[in-house]
Amino acid sequence: MKVRNGFVSNSSSSSFVCDICGTSEAGYDASLEDMGFKDCSNGHMFCESHALSIDKLSPDQKRKLMIENTAYCYAEQIQNLDLSDQGDLDELEEYWEEYQQEGGDPAECPICQFKKYDSSQVIPYLLRQLEWTDQDLLDNLKQDWNGDYSLFIKWLQEQKNLKEKINENT
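If you're matching positions, the sequence shown starts at 94 in this note's numbering and goes up one per residue.
None of these hints come from the bench; they were simulated from the model.
Some hints could be false.
As the list claims (entries may be wrong) - Here are the simulated DSSO-like cross-link-like pairs (lysine-lysine), alpha carbons at most 27 Å apart as the crow flies:
hint : residue 1 : residue 2
1    : K208      : K253
2    : K209      : K155
3    : K235      : K157
4    : K209      : K256
5    : K208      : K235
6    : K247      : K235
Sequences and hints are given; from them, build the entire structure.
Given below as structure tokens:
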């Protein structure tokens, strides 16, 4: 079976892959929400279970998030609300409900908040930090595993299992 990254659509079928854990879901006429996924305005897609909670924010924090992540004219309306006025607070809550339904808030995204990472984005960063080229990485992998890819895959699986055990105990 071929696994595809990100959003894939074939007529009425859709599939989604989590940028954090790699879980994939597919269905017909399915949306992100139908399949238990969320996305953010920076293009990350992740399982709802990974989403960070933004439910307990103060009115001022909600306003700040909406201003940062909405269109200018909409942000200006929110900025002009008087949070000491109950009518304006009620209006802010209405905006907040609409805002959350639209989804895509980076504050909810564990990747944007540096709580989790997307390997495809971290590898170029690590190469730069190590001052390695792609070829340096490949040469090191080949040397470390004596050119035996199956040993490397076995080690990766052991690391994944170890990480899962550690996560179970915390």
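- Query: What are the numbers of the hints that this structure violates, sorted from low to high?
  - Reply: 3, 5
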